[in-house]
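Colleague: As given, the protein sequences belong to chains A, B and C, one line each in that order.
So for the first sequence, the numbering used here puts the first residue at 1079; every next one is plus one.
So for the second sequence, the numbering used here puts the first residue at 1079; every next one is plus one.
So for the third sequence, the numbering used here puts the first residue at 1079; every next one is plus one.
Hints in this document: simulated from the structure, not taken from any laboratory.
Since the list can't tell identical chains apart, any single copy or any two copies may satisfy a pair.
Straight line, CA to CA, 16 angstroms or less: simulated EDC-like cross-link-like pairs of lysine to aspartate or glutamate: (1) Lys1394 to Asp1169; (2) Lys1443 to Glu1458; (3) Lys1150 to Asp1169; (4) Lys1278 to Asp1339; (5) Lys1150 to Asp1219; (6) Lys1379 to Asp1169; (7) Lys1296 to Asp1219; (8) Lys1354 to Asp1339; (9) Lys1278 to Asp1345.
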Amino acid sequence: MSKSTGSCQGFLHHVFDYETPKTLIIPSIRVGFVFRFTQFLVLLYVVGYVCVVQKAYQETDSVISTVTTKVKGFAFTNISDMEPRFWDVVDYNIPPQGDGSFFVLTNVVMTPGQTQSRCAELPNPSTICVDDCDCVEGYNDPRGNGIRTGLCENYSSIVKTCEVLSWCPLEIDTNLPKRALLAEAENFTVLIKNSITYPKFNFHKRNILSHINSTYLKRCEFNRKTDPNCPIFRLKHIVSEAGEDFQDMAVKGGVLGILIDWSCNLDWWARKCYPKYTFRRLDNKHPVNNVAPGYNFRFAKYYRTAEGEEVRTLIKAYGIRFDVIVFGTAGKFGIVPTIVNLGAALSFLSLVPMVADWFMLTCMKKRELYSRQKSTYLVEESEVESASMSTTYGTQ
Amino acid sequence: MSKSTGSCQGFLHHVFDYETPKTLIIPSIRVGFVFRFTQFLVLLYVVGYVCVVQKAYQETDSVISTVTTKVKGFAFTNISDMEPRFWDVVDYNIPPQGDGSFFVLTNVVMTPGQTQSRCAELPNPSTICVDDCDCVEGYNDPRGNGIRTGLCENYSSIVKTCEVLSWCPLEIDTNLPKRALLAEAENFTVLIKNSITYPKFNFHKRNILSHINSTYLKRCEFNRKTDPNCPIFRLKHIVSEAGEDFQDMAVKGGVLGILIDWSCNLDWWARKCYPKYTFRRLDNKHPVNNVAPGYNFRFAKYYRTAEGEEVRTLIKAYGIRFDVIVFGTAGKFGIVPTIVNLGAALSFLSLVPMVADWFMLTCMKKRELYSRQKSTYLVEESEVESASMSTTYGTQ
Amino acid sequence: MSKSTGSCQGFLHHVFDYETPKTLIIPSIRVGFVFRFTQFLVLLYVVGYVCVVQKAYQETDSVISTVTTKVKGFAFTNISDMEPRFWDVVDYNIPPQGDGSFFVLTNVVMTPGQTQSRCAELPNPSTICVDDCDCVEGYNDPRGNGIRTGLCENYSSIVKTCEVLSWCPLEIDTNLPKRALLAEAENFTVLIKNSITYPKFNFHKRNILSHINSTYLKRCEFNRKTDPNCPIFRLKHIVSEAGEDFQDMAVKGGVLGILIDWSCNLDWWARKCYPKYTFRRLDNKHPVNNVAPGYNFRFAKYYRTAEGEEVRTLIKAYGIRFDVIVFGTAGKFGIVPTIVNLGAALSFLSLVPMVADWFMLTCMKKRELYSRQKSTYLVEESEVESASMSTTYGTQ
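From just these sequences and the hints, can you work out the full model?
Modeller: Here it is as structure tokens:
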């Protein structure tokens, strides 16, 4: 009927006639089974793996954090070539502000009483001289310690070296104490306060968990088994968990990472979101390609003599730098990733019939019969009158 | 014809014969409507929600940034137990370099003239003694202030405590001024320069926007309403926007986050990409589990007496640490996410016919008729001769 | 047969009867070609672009890193208004710890011998006075240098200014040396040690690559062509690669970014994962809106006179702050992104038949014939007896 009508209604038909594929029903358990089973596999994968294991339905955000640290402890040193000295946090903790990266001094080479003056270079092949001719005035040797004055002076009774203009006396850092000066540092403790934010989810949390009371915090000390949530760490414990020996590391220093992992699943109670602490040495230990092993830096305390001359105590500080590295990703249900993953799953479901068809038309006994009834070849006009009659007639 | 031909042509047929599903057209407005309507819903969701709201067609990159800060202002203090003193930025701003995290000293406990010597411990249950027997020589009390010498000395006329070897005189930080020493600090200002990069999009920008001229910068001050793009902040204003009282916070110190959000949509004019400033206190204020409340650290100024003895002024600095935290994600049209999301949408569209079919075969009056014509049961060989004739014949 | 059976078997049939669409095979090369060609295009896009170019099958993780730096070099300055002075790393490198952001002092304004006292303000319109009435006692001018005492003193023989209580003498930073004091700083070198982690893939690496031996490290210097993996950089080289002139930048200072890009594809040998160094100036150079150009900060060295009075040397340090910025994203094959992208591709493949049908039913000569055989109109009950006979009969 719909053939002989006005254009408007024709359009309506065009839009609202529903065109659905003709289908052939095959009452074969085996084919049916293959079909259902493939479907099942796909569903299993999607639900089981993508959703449960990979949580692909979540959108993620990465952590923003701030850290404050406070080191506690003191030590007393009494070695031959230094007067007895008491060290408190102000002496060994540099910088003092206590942010995410703090340094604990464990070994030191002190050169007190340096002034801007002239002195003989430390003897080495390039500095040893016989007379002034060997020393070019104003020459600035990158390997040296100062600007040459052009004179050749006695470094000791047996050797002469070029004189340089520098902070004199020069530092001699070759005889570094074999045993760390502040061996006691291993018993120092550090309190780490870390507060994090996941801006996308407006989620804030601190590593001092709410269920912890201050009396506990006063006496606790981090231990993976007994006190996994105590934010107070004994330096020795940190280093040993990183697989190092504190005394060994203390001699030449090093860099040690305190990694705090805040990865969380915010769909379930966010209170389940705890920090996980791990420790790892971050600098090369004893590799073949180790230039300037360990960790050290120089700083100075500046004084003025009564005559107003500037004097400084040069300190080459060896020690362990602790870097608190906070990382993590929070996941929370998000509509878009969910849709995307469901969509992907669906398109795989749409593959299933192909599989079943292929199975049906190749592996089954009756495949000839199936294919003959499933797909018909196009029938050319000439031959088709009779055949097509029924259909055309049917639609008149 | 294609049946009785050479393998090659047979292959050609196999590849280039186009197999298209036979369809049944159902001239029913209701079914058609259901079909179109479902399609419409899916499209609406995809275009409206995924693309417009969630911008799922964009690929993202997270920000890289550097910050420099410069604090301005000075104060004058004149309290009983300290000589009058003028404070400028060098005195109260630590560290001086002005990077992303700067500290403004607001309250202080000074202990001048400390030397390496011996003095009586501060009295507390564990340090009070009657005679030397109570003080074990060399004992190192973690709660104490030094190494015991083994002597019991007069701390005051009324109490005796164990003598320790330490930096003496010992610091007494119990009588912290109730009103912050540098109360004037609330009027200090800080200039924050922040330059960011989105490496993936090679996009660079600064928080000092190009349309701002220097005369404006000389006099402006950040205000969410009137001057939202001025990079100069008054400390008091920062703290109050974080919901805190400056004078209150200044006494014991704290950590305050200056969060700069650079989230941008780079598809539209990138010049629309502005920083958004928010402020939040990052340390615990008065929770039950508050260990070491506020924020403070100790540092010292080292001197030498005319006799060359080392003397230091110990300073326990209370104050506010401002952490400038820069974060954000930029989105820009990306072909891959677009494809993925369109794909997901399409697979939902492919669901629509199932819905329509289901509706047609269950809710419609004529469902019997529909299903009979839509799907035919397999016809067994034996019975099928006549039926199959036409087709086979048709293709000879 | 399956019609006349028990409900259970009926259910079985419902579940395991396989319903496959009837199809019409069209032996037309052109239609077939259009069909295959469209398929080919989609596949080409998916495999070629999404997988090879965009590596959309990978899941990503962003880098975590720590940096230690060590500056080497010294300089000698001998200018008119300062006594000759030798500068080593301790003097010009601030802070000394050598973390990711280090500052090299290149120019300086020194104000020695400052004490807490009273002196006449620097002359400017707001400070010049005629008599004491012009100076309000206790007034704290934000643009000034101290607290007014209420007196009007001689600043010089020709001009009187208000007296202030401050660190006196006041700093005069107007006559900044036009040529950087430490011009030699351009030859200083810095060793950058950077160790990174991709926690999700548990991948660790250092910028000192394993194949580099220490003898090489002792003498090498970074050069994009000859030594792209040497971690020792000459400051001059860094600055020039950033498109700046060192001497020019040294006068007023600036901030320079050392960007280390660790973007890696971990599917292929991870050893192929090298750091890429780039350099960029991060602060405004000469824009119209330049407030406080360059980079500088003030710090002081505190002394005590024999009388115990506190004296300080105020140092306004101009110089270059080098920020080591580590970024990068590692990609590694991940099952979920792969599935998602394949899914998206598949749903596009499911579009291909629509294209082919559309082409067949619009562009082909025989479209009438095709459409007549492809889609049949619903046949109303009344007329359908005969037609439906065969099917119903066939299934009895």
